[in-house]
Amino acid sequence: MHADPGGPFLIQRLDDADAPAGPVNAAGPAQLSLLDDDAPRWVWRSPRTYRALLAAGVRVTRAHDVELVERLLVAAAGRFGAPHGLAAASARLAGLPEEPDPPPEADDEPPGLFPSAAPAGPETLAAVVAVHAAQRRTLAGNPRLALLATAESAGGVVAEEMRADGLPWDADVHDDLLTTALGPRPAGYARPRRLAELAADIDAAFGRPVNPDSPAEVLRAFGRSGFELPSTRSWVLKKVDHPAVAPLLAYKELARLHTAHGWAWLRTWVHDGRFRPEYVVGGVVSGRWATRGGGALQIPRAVRGAVRADPGNRLVVADAAQLEPRILAAMAGDDALARAGGREPDSDLYAGLAHELFGGSAPDGRAKAKLAVLSAIYGQTSGDAGVHLALLRRRFPAAVDVVEAAARAGEDGRIVRSWLGRTSPPAAPGDEVPARARARGRFTRNFVVQATAAEWALVLLAELRAALHAAGDPARLVFFQHDEVLLHGPADGAELAAAMVQDAADTATRRLFGDTPVRIPVPGRVVTSYAEK
DNA sequence: ACAGACTGCGCC
DNA sequence: AAAGGGCGCAGTCTGT
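According to this note's numbering, numbering within the first sequence proceeds without interruption in unit steps and concludes at 550.
Any given hint might turn out to be false.
As the list claims (entries may be wrong) - Have a look at the derived ranges for each label pair, beta carbon to beta carbon:
{"#": "1", "residue 1": "K255", "residue 2": "P114", "range": "52 to 58 Å"}
{"#": "2", "residue 1": "R527", "residue 2": "L236", "range": "51 to 57 Å"}
{"#": "3", "residue 1": "R161", "residue 2": "L236", "range": "46 to 52 Å"}
Derived by calculation from the structure, the hints in this document are not laboratory data. Backbone N, C-alpha and C define an ideal beta-carbon position, used for all residues, glycine too.
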C-alpha cells in the first residue's frame, strides 16, 4: 500500500512469495476497511502511511512497516545508523549508491518537498513491494528477528493510533493545579506570583539580586557567602546551610513546572481535551520509544491529575513491576532469580531477593537487594554496590554472567544484541581509552537488558492491541511509556481490559522466552484520574 | 542575531 | 544519600 496524505491510496495484492499478484489499484477508505475484514498483513512504507489512513478513518488489523524494519535489518547486518529510508533501501537493492534519509517531515508539510525523497505514487509502491520482499527473505532465516520486525511494525500502528486518539487531558484541572502551585496565570511572559515571591526571597537571602535561573550566578553568590559548590544541583544545595537554599529549592521545583508543563505547554499541546504527542518508534537505540514535542514521556507526577477519563469512562493504568531484573532472569535462564521474583501477581522481586540474599530479617534488606540488582544492570561501582553485587553473583551466577559478558564486549569494542536481535551501535573512535571503554561497558551492559525489556513491552503492546481490536475495543490504548500502559474506555469494560493487559504480558513472556518460570506482573488499576493510587 | 554546548531536572 | 543506563526540554552561556 502507498498513501499520499490526502491523495489516493494505491494498493496491490501480493502472493505467497511476496511478489505482486495483480495490478495496482486505487482504493478509497471504505474499500480499504472492507479489505481489512480478511485481516491481511498490510505492507507500507512508514508510520506516516498509517497516519494518512487514520486521518481518512481507516484502522487496520496488522501491518509490516518497511522503514521501521529496514532500520533493524541494517543494524543487524553490521551497518548501524546507515540510511534506512525507502529510497536508500531501494537503491541498495538495485546496487546503486544509498541516498541519505530525508529529514522527518513536519506534520502539515506537503509530501515531495525534498527532491531526494522517494518518488511518489506507483514508483513508491513498487519500491515498497521490492524492499518488503527482500526483507522477508532476510527474516525467513531468523525467527527472533522476524518477531522483532513484527513487533516493531505493530508498535508503529499503536503509536499512530494513540496519537490519533490522544490522551484524555482536562485543561481546567491542569489550570487549577498550576494556579494552586504558582498563583494566577500571569499576563504575557511575567513570572507567576509565587515565583516572583521566591525570587525576592532569594535576593534578600543573598543581599543582592541573583538570577535563580542562572547556575553560574547562583554559584558566584554562594561563593561570596563562603560556600564553594561543585554545582547547583538540588541534592548539592540540600546539604548547604544558608537562608537562600530553601527558597532556591522551592523556586527550582516550581520554575520547572512552569516552564516545562505550565500554561504555555497546555496551550501548545492540549486541544479539545486531548494531548496528542508524536511517538517516535525505535527512537532510542535500545528500541525504546522517543517523542517529538510535548515531552510525553516525562509527564511529571505533579500534573498527572489532569489526565482524566471522559464521563462514564475509566482509565486502566498498568505498569510492569521490576521489569528489567525479571527480563534478566528470563534471558539468563536463571531459575533461582525467577523464583526469587515470586509467582504471585503482586509479588515484590526485591523483597524476595532480600530474603534470598540476607535472610528474612536483615535491616534495609530490600534496599540493599535493589542496589545489588541495579549495580548489575547499570554497572554502578560506588559505595557498597560492589559488595552487594558480589553477593548477587554468588547466588545468581547465570544472571550476573549475562550482564558482565555484555560489559566485557562493550569494553573490548564489540557490539551486543538484545534477545530478539536489536543491535547496539558500534564503538566509536577513541572508545579504547580506558575511561571511555568502561563507559561503553556500562552502556552495553545496560543495553542488553534495556533493549530486551523494550522488545518485551513492544510484544505486549502488539498482543494487547490485537486482543482489544478483536474484542471490539472495550478500551483503547492511549499512552505507553517504556513499561507502562494506559487504556481508556467505558467503565463497564475496564476490569476486563485490565485483565487483558496481564494476559498480553503473559503471552509476550512466552513469545520471547518460551517455557520459563519468570512471571512479569503488570497489575492494572482502574481509575478516573492518572494521579489516583 | 543565531547556533550549539552546557546545565539541571522531569520521566523510565 | 549518591550514582550507575536511557531520554527531552527550557533556560543560560559562549562563540561566531
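Hint check, failures only: Result: no hint breaks.
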